[in-house]
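Engineer: Just so you know, we're using the working numbering here: the sequence shown kicks off at 64 and counts up by one.
Certain hints may be false.
Claimed, not checked - Taking lysine to aspartate or glutamate pairs in the DMTMM-like style, the calculated list, with each CA pair at most 25 Å apart, reads:
(1) K83 <-> D132
(2) K74 <-> D167
(3) K75 <-> D154
(4) K82 <-> D154
(5) K75 <-> E149
(6) K109 <-> D154
(7) K75 <-> D132
(8) K85 <-> D178
(9) K83 <-> D178
(10) K75 <-> D167
(11) K109 <-> D178
(12) K82 <-> D100
(13) K96 <-> E149
By construction, these hints were calculated from the structure, which means they are not laboratory data.
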Amino acid sequence: KSANLTCSISKKTLNLSRKKYKTTDYPDAPWVKGVYDIAIPDYPHKLGLRYINTAPHATTWFRINYENDRYIHTGGVSLGCIAVTEGNRWDELYSVLIAARKGDGINIGMLTIVD
Numbered sequence: 064k065s066a067n068l069t070c071s072i073s074k075k076t077l078n079l080s081r082k083k084y085k086t087t088d089y090p091d092a093p094w095v096k097g098v099y100d101i102a103i104p105d106y107p108h109k110l111g112l113r114y115i116n117t118a119p120h121a122t123t124w125f126r127i128n129y130e131n132d133r134y135i136h137t138g139g140v141s142l143g144c145i146a147v148t149e150g151n152r153w154d155e156l157y158s159v160l161i162a163a164r165k166g167d168g169i170n171i172g173m174l175t176i177v178d
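Start from the sequences, fold in the hints, and give me the full structure.
Structural biologist: Structure below.
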């Protein structure tokens, strides 16, 4: 089953079904409203290692099909990605995303940026 997420940049929330996750982004790399594919994870990201104590899967990032490489990942810092700041909840979100598939062999779902 495909995962469909909605992100409100102004409210700093990422929504999946009825669950909300607190996020941060990078104001110098603003998002454009729209719908983007979320890809199957590509490789372990070393920057996630600093969060491994609270989020065992912190090195797994989900790439967003955007004009530049952007991801959904856990952490307190973002350089253009959507960072889920609740590290203790990252594995909850991870477990849904890692099992999701869009059916095209590349993506797990869609991300809608609403504002």
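Engineer: Of the numbered hints stated earlier in the document, which are not met by this structure?
Structural biologist: 2, 10 and 11
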